[in-house]
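Kindly generate the complete structure, drawing on both the sequences and the hints.
Line by line, the protein sequences give chains V and X. Using the UniProt record's numbering, read the first sequence as starting at 1 and increasing by one per residue. Using the UniProt record's numbering, read the second sequence as starting at 1 and increasing by one per residue.
The set of hints was computed from the structure by calculation and includes no laboratory data. Only a predicted model underlies this, so the values are computations on that prediction, with no experimental measurement involved. For every residue, glycine included, the Cβ atom is placed at its ideal position computed from N, Cα and C. Keep in mind that the hints are not guaranteed to be accurate.
[Said to hold, decoys possible] Here are the simulated DMTMM-like cross-link-like pairs (lysine to aspartate or glutamate), alpha carbons at most 20 angstroms apart as the crow flies:
| hint | chain 1 | residue 1 | chain 2 | residue 2 |
| --- | --- | --- | --- | --- |
| 1 | V | K198 | X | D96 |
| 2 | V | K324 | X | D432 |
| 3 | X | K324 | V | E404 |
| 4 | V | K619 | X | E403 |
| 5 | V | K221 | X | D589 |
| 6 | V | K324 | X | D96 |
| 7 | X | K324 | V | E41 |
| 8 | V | K324 | X | E404 |
| 9 | V | K54 | X | D463 |
| 10 | X | K475 | X | D463 |
| 11 | X | K324 | V | E403 |
| 12 | X | K221 | V | E41 |
| 13 | X | K624 | V | E49 |
| 14 | V | K212 | X | E41 |
| 15 | V | K212 | X | E213 |
[Unchecked claim] Partner residues aside, some chain X positions facing chain V, computed with beta carbon under 7 angstroms:
| hint | residue |
| --- | --- |
| 16 | P102 |
| 17 | I188 |
| 18 | S192 |
| 19 | L194 |
| 20 | A264 |
| 21 | L266 |
| 22 | G267 |
| 23 | E403 |
| 24 | A560 |
Protein chains: 2
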Amino acid sequence: MDEKRYQRKIYLEDKPRGEAVNEILEAASLSPKTEFIPTSEALGRITSEPVFAKVSMPHFHASAMDGVAVNAEDTYEAHEQRPLHLSKGEQFVYVDTGNAIPQQFNAVIMIENVQILDDETIEIIEPATPWQHIRPIGEDIVQEEMLFPQGHRLRPADLGALLAAQITEVPVAKKPLVTIIPTGSELIQAESSLTSGKIIEFNGTVFANYIKEWGGEPDLKAIVRDEPENIKKALLDAVEVSDIVVINAGSSAGSKDYTVHIIAELGTVFTHGVATRPGKPVILGQINGKIVVGVPGYPVSAYLALEWFVRPLVCQYLQIPVPKRQTLEVKLGRRIVSTMGAEDFVRMNIGYVNGQFIANPLTRAAGVTMSLVRADGLLVVSPDLLGYEQGDTVEIELLRPLEEIRNSIVFSGSHDLTIDLLSSQLKRQRNDMRIVSSHVGSMAGVMAIRKGEAHVAGIHLLDPETKEYNVSYVKKLLAGQEVVLYPFLKRTQGWIVPKGNPLKVNDVAGLAEAQAEYANRQKGAGTRILFDLLLKEQRISPEQINGYDREMFSHLSVAAEVKGNEKAAGLGIYPAAKAMNLDFIPVADESYDLLMTKAFFESEQGRWLVSIIQSEAFKIEVDKIGGYAVASDAEPIYI
Amino acid sequence: MDEKRYQRKIYLEDKPRGEAVNEILEAASLSPKTEFIPTSEALGRITSEPVFAKVSMPHFHASAMDGVAVNAEDTYEAHEQRPLHLSKGEQFVYVDTGNAIPQQFNAVIMIENVQILDDETIEIIEPATPWQHIRPIGEDIVQEEMLFPQGHRLRPADLGALLAAQITEVPVAKKPLVTIIPTGSELIQAESSLTSGKIIEFNGTVFANYIKEWGGEPDLKAIVRDEPENIKKALLDAVEVSDIVVINAGSSAGSKDYTVHIIAELGTVFTHGVATRPGKPVILGQINGKIVVGVPGYPVSAYLALEWFVRPLVCQYLQIPVPKRQTLEVKLGRRIVSTMGAEDFVRMNIGYVNGQFIANPLTRAAGVTMSLVRADGLLVVSPDLLGYEQGDTVEIELLRPLEEIRNSIVFSGSHDLTIDLLSSQLKRQRNDMRIVSSHVGSMAGVMAIRKGEAHVAGIHLLDPETKEYNVSYVKKLLAGQEVVLYPFLKRTQGWIVPKGNPLKVNDVAGLAEAQAEYANRQKGAGTRILFDLLLKEQRISPEQINGYDREMFSHLSVAAEVKGNEKAAGLGIYPAAKAMNLDFIPVADESYDLLMTKAFFESEQGRWLVSIIQSEAFKIEVDKIGGYAVASDAEPIYI
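So this is what it looks like as structure tokens:
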């Protein structure tokens with residue numbers, strides 16, 4: 001098979017998502033197949049037909065109390081002044097709760113109201129009314145009544161009702177079989193050893209688990225190399241046995257994106273490209289009557305496309321509506337720009353700060369898996385909008401329980417590895433609290449506190465005039481706001497260089513001279529400010545630094561850059577160098593403090609946070625990392 | 001072992017629920033055990049320790065586009081007026097999206113912006129900026145960064161992030177083993193044949209499935225007879241291997257409620273009786289360090305007690321907070337009376353009618369499983385309240401997704417078997433709609449429409465004056481309201497009697513004469529009104545009818561009463577007699593019509609309902625039941 005037959009197709013459609021979904025739902029018209037399974041194993045399954053009770057519950061008149069069963073007519077004469085004697089067998093029998101009432105009786109008197117005279121005789125002083133304390137036949141379930149219609153998802157209590165009605169096998173919709181085909185010559189299994197250019201295949205596992213969650217039966221196939229013949233065979237095999245087929249990557253318009261041509265050759269292509277960002281390069285087609293969904297390779301695009309196109313198919317098969325996510329009204333902390341004519345799906349962080357929900361966009365790069373992991377919600381910007389302004393109120397689909405968002409401590413500012421420890425220690429004490437941190441740099445952290453977008457910011461801002469850390473910046477930038485600066489820890493900044501320091505870097509002059517490939521930090525980061533100060537002191541201009549414009553967003557990112565490049569160097573904290581097994585040449589000790597609003601500092605969450613910082617357990621963990629000194633008797637500075 | 005040692009203990013405590021929970025949480029202090037499981041199988045599991053990335057993703061500088069990798073410095077001269085030629089190998093290489101960038105290059109130019117001159121040479125007309133179109137190492141995940149703290153429930157996308165960071169085995173909290181012991185000599189398996197006095201054991205299956213849902217590992221044991229020695233052995237065996245033990249029934253104060261005595265003998269009893277209704281007779285104790293929870297036998301009490309006491313233990317073990325249910329503000333359609341000094345848990349139906357959520361209590365009998373199945377929400381009345389008034393706004397915990405409640409058609413009034421068919425046919429066409437019906441009788445149905453608590457009411461009300469059905473009642477009771485009476489069907493009422501009609505019932509006189517045990521319907525039911533009219537016409541007084549005061553709530557309940565009692569009789573519709581294989585002697589044909597608000601009739605839901613009624617498929621299904629005539633060209637009557 002000649003690769004050239006599958007030529008590059010540069011332009012994709014921009015079909016509205018709704019239209020694209022409806023086309024495949026109509027073409028598929030999947031309907032459920034029934035299978036009977038034991039009721040006790042039917043949790044979460046969907047009834048495929050209405051279910052009717054086989055027996056009543058109770059299926060006999062049952063006593064609702066411990067006591068005696070009587071015939072009410074026999075007791076009408078009983079009175080406090082004229083106690084009545086009843087004889088066992090003929091006029092009463094003892095019953096416990098749940099016991100059957102013998103046919104000749106029609107009422108129950110509670111044992112507390114019975115005087116036992118001897119083995120054969122009781123005395124009562126009050127008449128019984130007919131049917132008192134009796135659970136009549138069918139009080140709970142009446143034989144032949146409909147317990148559930150079709151399309152009902154069975155919950156634990158539902159299984160009880162089914163068994164009570166003696167339905168030991170229940171008709172449920174068979175799970176639709178969804179075959180997942182990962183393609184790509186660059187893909188390897190996560191267990192393999194990594195080499196440059198190879199990428200771990202993980203989308204398939206994600207797909208399989210989404211499909212499981214949605215009620216389908218996933219079948220994840222082995223990785224298929226980028227050869228048209230292989231892909232063709234995999235597709236033909238899959239449509240033979242599956243209800244739905246998902247093929248990952250090759251859905252775009254690149255030179256090795258064969259998929260669309262192959263589907264066109266074997267069947268029909270309904271759509272190639274939908275009007276969404278991300279997620280545009282989607283293929284929707286049909287081979288031998290089975291819907292084939294080609295999803296993009298970038299993880300975020302891939303999962304969104306799966307939800308848009310595969311989930312409705314699974315739900316159609318199960319005869320249930322596509323569940324909707326809980327929504328929340330939030331205020332936007334930043335402006336959001338959107339493409340006209342396409343739906344934009346923006347992953348958002350949500351913080352509950354000062355009594356309101358504030359949301360900020362995460363990275364919009366479709367390749368960043370962690371943006372989905374970290375997202376609290378999804379903002380869908382409709383195709384006719386150019387976006388939203390900062391401060392606008394918008395509705396967001398939640399990706400996490402609201403409770404979890406409400407209980408999150410929003411951590412902003414500079415990155416430090418101890419924040420993860422703090423997070424983990426806090427969760428050990430208070431599993432309902434959570435630290436959500438974004439690494440935006442010290443200056444941006446201060447601004448987040450100013451704008452009410454965060455509870456806490458980690459900062460290390462050196463004042464070039466006074467050589468003092470943090471206080472002067474906070475006073476200047478947050479004048480008039482009630483904030484607290486909590487002295488958190490001292491740490492050492494230094495050069496992060498490859499093992500053995502091949503370029504012999506020990507100051508900025510040496511860095512410039514050696515033409516090291518420098519991994520700089522983003523504007524506003526405390527480490528960047530320190531670096532600029534060092535340049536100024538040694539009168540080196542930024543132009544003399546190779547890589548000055550290259551911005552990393554955390555100490556670990558800098559260390560990751562240095563690792564594996566003998567010519568690289570960066571400035572950062574010791575633990576980052578240690579974690580990546582790199583060399584470290586100390587430059588300066590600095591104060592990394594926690595800036596908080598006074599309201600947060602005094603809140604329950606704030607008090608917990610401080611108590612964790614002051615705990616022995618936390619100090620021990622920090623010492624294990626090394627390179628830190630925790631301020632042990634720190635006094636907060638009210639500003 | 002002598003049963004007498006375990007004497008009746010009549011009084012239970014009324015301990016506040018919160019206090020009771022805290023005691024066992026403290027006594028248990030369950031902490032998680034870690035197990036490493038394959039990441040691909042970890043969906044829904046809870047991390048037991050923080051998880052750090054083993055590799056970066058990407059772990060090399062990767063191209064973000066299809067194009068050529070270049071050294072940016074080599075391209076600075078390129079200009080539209082001065083095209084620049086680059087030679088392959090030395091000055092550029094071709095790269096596809098995801099390919100590694102060779103170390104000597106630092107930028108990518110998109111293939112669209114490249115002119116290919118020959119196999120060795122390309123031309124560009126614009127300079128590249130350093131690092132353009134390159135995904136740097138760690139853009140998504142940086143080696144050593146914390147991906148998840150402990151206590152995180154893994155979702156599909158999370159598994160992708162783990163695999164991407166080459167974590168193929170993930171540390172998760174082992175599921176706590178919860179042993180469930182059903183006790184009771186009256187219990188049988190659902191597969192057994194039912195005899196009088198025997199009850200199907202189904203609580204155990206419900207418990208097991210709740211525990212599964214909450215993240216535990218249930219172990220449901222065989223039924224244990226009510227013998228102290230058996231119970232003791234079962235408990236001792238269970239505490240040996242389990243993390244938590246649940247024993248069902250025997251937790252009250254009856255003569256066979258041994259459990260509390262046994263737990264006291266083998267260990268400690270913390271609590272016997274909590275201040276809740278239902279759910280009061282709970283036992284909380286400890287044997288050999290393991291918490292033992294004794295839950296009541298009545299299903300509703302049992303499931304609530306499980307949620308209150310076992311769920312927090314499971315969550316403590318998994319180190320996660322107890323999830324909270326979504327809540328909703330609703331208006332109460334009826335008054336709710338509550339016990340002072342105890343929390344009341346009232347199962348509620350919620351209808352979204354005329355743009356507001358109206359909630360009404362379901363039966364409060366703790367023995368009615370179906371009340372939990374049917375409940376949309378739970379109203380918790382705090383111990384210091386005597387209840388709520390009709391019209392009060394209260395907050396309800398939802399037991400069903402809000403979307404499902406909002407899309408429900410609330411059906412009230414008289415019971416008819418075709419309503420189930422309607423429900424099932426509607427769901428076939430519109431799986432996002434649902435009919436929720438309560439059988440309250442025709443008059444109560446009219447009142448529900450009047451009070452805005454229902455969308456539709458099935459009614460069959462015979463006017464004794466005019467002998468006309470429904471119209472005169474509606475005109476009188478709903479004067480001034482815009483409603484529609486939709487002619488639904490004609491059906492036959494008649495005597496429901498045992499096979500062969502042993503008492504030869506064929507009119508009310510015969511019924512009185514034979515002293516049949518009559519199963520009457522509730523006040524306000526159309527069938528009751530018909531019966532009263534028959535009595536009046538034949539001048540029989542209610543006192544002459546044996547069982548006149550005995551009220552059944554549906555045709556099927558009447559038929560269930562008649563079945564198995566040779567002396568019984570009832571009045572009802574033909575299909576009910578047929579379903580229970582009873583004889584039927586026709587008495588009168590009647591009109592069973594649907595009363596709707598005009599707003600509902602004209603809504604999307606209303607139009608769907610009518611289209612289903614008019615469909616051929618529905619008529620065929622109704623004909624299969626028999627005894628009905630569907631009004632095929634019915635014209636709605638606007639009143």
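Verification of the supplied hints:
1. K198/V x D96/X: holds (12 angstroms)
2. K324/V x D432/X: Answer holds: K324/V to D432/X is near 11 angstroms, not above 20 angstroms.
3. K324/X x E404/V: holds (10 angstroms)
4. K619/V x E403/X: violated (48 angstroms)
5. K221/V x D589/X: Cα-Cα ~63 angstroms, so violated.
6. K324/V x D96/X: violated (38 angstroms)
7. K324/X x E41/V: Violated, at about 26 angstroms.
8. K324/V x E404/X: Answer holds: K324/V to E404/X is near 10 angstroms, not above 20 angstroms.
9. K54/V x D463/X: The given pair, whose Cα atoms are some 37 angstroms apart, is violated under the 20 angstroms limit.
10. K475/X x D463/X: Cα-Cα ~12 angstroms, so holds.
11. K324/X x E403/V: holds (7 angstroms)
12. K221/X x E41/V: It holds: about 16 angstroms lies between the C-alpha atoms, which stays within 20 angstroms.
13. K624/X x E49/V: It holds: about 17 angstroms lies between the C-alpha atoms, which stays within 20 angstroms.
14. K212/V x E41/X: holds (11 angstroms)
15. K212/V x E213/X: Holds. K212/V to E213/X sits at ~15 angstroms (cutoff 20 angstroms).
16. P102: Hint violated; P102/X Cβ to chain V Cβ min 9 angstroms, cut 7 angstroms.
17. I188: violated (10 angstroms)
18. S192: violated (9 angstroms)
19. L194: holds (6 angstroms)
20. A264: The hint is violated - A264/X has no Cβ within 7 angstroms of chain V, the shortest such distance being about 21 angstroms.
21. L266: This hint is violated: L266/X lies away from chain V, its Cβ roughly 24 angstroms from the closest one there, beyond 7 angstroms.
22. G267: It is violated, given that the least Cβ distance between G267/X and chain V is near 26 angstroms, above 7 angstroms.
23. E403: E403/X check passes; min Cβ-Cβ to chain V is 5 angstroms, inside 7 angstroms.
24. A560: holds (4 angstroms)
Consistency with the previously given hints fails for numbers 4, 5, 6, 7, 9, 16, 17, 18, 20, 21 and 22, ordered from lowest to highest.
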